[in-house]
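When the letters of the sequence shown are read in order and numbered with the working numbering, they come out as residues 5 to 255.
To be clear, the hints were calculated from the coordinates, so they are not data collected in a lab. Possibly wrong hints are sitting among the right ones.
[To be verified] When the alpha-carbon atoms are kept at most 30 Å apart in a straight line, the in silico BS3-like pairs for lysine-lysine are as follows:
no., residue 1, residue 2
1, K227, K159
2, K159, K148
3, K243, K148
4, K243, K159
5, K107, K227
6, K227, K148
7, K252, K107
8, K243, K227
9, K243, K107
10, K252, K227
[Unchecked claim] Cβ-Cβ distance ranges computed for the label pairs, FRET-style:
no., residue 1, residue 2, range
11, E192, A249, 21 to 27 Å
12, G74, V182, 52 to 58 Å
13, G195, E85, 36 to 42 Å
14, V137, A75, 21 to 27 Å
15, A100, K243, 16 to 22 Å
16, S173, L194, 15 to 21 Å
17, E99, A129, 29 to 35 Å
18, K227, E179, 34 to 40 Å
19, G195, E152, 33 to 39 Å
20, S116, K243, 17 to 23 Å
Glycine residues also receive a C-beta, built at the ideal position from the N, C-alpha and C atoms.
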Amino acid sequence: LSLGPGRAVSDHFEVAPDDPNLTARLHLRTHRGEVVRLDLDGRLGQRCGDEYGNHRQRLAGQTDRACLGGAMRSINPATGEEQGSWPLHSPAEVEAAVDGAWKSQQVWAQRSLPERAEALLSMSALLEERAEVLASRMTTEMGKPRGEAVAEARKCAQVCAHYARHAASYLALEEVDVGADGAILCREPLGVVLSIMPWNFPYWQVFRFVAPALMAGNTVLVKHAPSTQGCAEEMRALKVENLEAVLKEAA
Numbered sequence: 005l006s007l008g009p010g011r012a013v014s015d016h017f018e019v020a021p022d023d024p025n026l027t028a029r030l031h032l033r034t035h036r037g038e039v040v041r042l043d044l045d046g047r048l049g050q051r052c053g054d055e056y057g058n059h060r061q062r063l064a065g066q067t068d069r070a071c072l073g074g075a076m077r078s079i080n081p082a083t084g085e086e087q088g089s090w091p092l093h094s095p096a097e098v099e100a101a102v103d104g105a106w107k108s109q110q111v112w113a114q115r116s117l118p119e120r121a122e123a124l125l126s127m128s129a130l131l132e133e134r135a136e137v138l139a140s141r142m143t144t145e146m147g148k149p150r151g152e153a154v155a156e157a158r159k160c161a162q163v164c165a166h167y168a169r170h171a172a173s174y175l176a177l178e179e180v181d182v183g184a185d186g187a188i189l190c191r192e193p194l195g196v197v198l199s200i201m202p203w204n205f206p207y208w209q210v211f212r213f214v215a216p217a218l219m220a221g222n223t224v225l226v227k228h229a230p231s232t233q234g235c236a237e238e239m240r241a242l243k244v245e246n247l248e249a250v251l252k253e254a255a
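Given only the sequences and the hints, what does the whole structure look like? Please build it.
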C-alpha cells in the first residue's frame, strides 16, 4: 500500500481492532520513520467481501456447468445456450494420448530444423487463413469481443512464423568458457511437454508454447479448459501435412 511515490509501505496489519465499526487497521511506517494509521471501514469491507463471495460463486457455477454430468460442455456466455459437449477422457484414453505423443516425439526429434520450420510456416498460413472462423468460435464460446478474437488468432499465426524463422539461432551451439579446454552448450529436446490451459486465451496460450516446443524437437500434450472444448476442436482440425506425416510414421 502506497501513500504516494516512495512514501510508505505496509508495516503492520491488525485484524478486528477494538472499534466495532472497523474491520481492519493498517499501521504504515514511512521511510522517514513516521507512523501513519489507516482505518478500513467495516461496512465497506463487508460489501467488498459479499461481492467477492458472489463473484466466486458465479465462477464456480460456470465451472461446474462446464463439466456437468461427466462431460465437458461449451456454453455461450451471452445466451447460456449449450453449443456442444465432449465426454471426459478415461484413464486409458489419457495413457494412450501420452503414449502417442511419446512415439511421435521420437520421430519428430529426428526431423531437421528446416523441416520443422516448414511445418510451422504451414501452420502459420493455416491460422491466418482460418482466423475469422477461429475467432467466431472463441466469441460464442467464451465471449471475447470479435476484434480481439481475430487479433488473437492472427497473433498465433505470427508466433508460429517467428519461431520457424528464428529457432535456428535460438538453438545454435554455444561455446562456453569454463576455464578448461572448452565446452559447448547444446540444447536438446526434452520429450513430451504437458500444458494445462486456461479459458481466457484459448488459442494464444496454446500456440505461444507449442511453437517453440515443436521447433526444439519436442511434442506437446494439451489439457484445454473444460469450457473451451470447441476452440480445442478447432485446433485439432488444423491439419498440416508435415505434422500428419509424423503421426502416420509413429503409428
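message: Need the list of violated hint numbers for this structure, in ascending order.
response: Of the numbered hints given earlier, the structure breaks none, since each of them holds.
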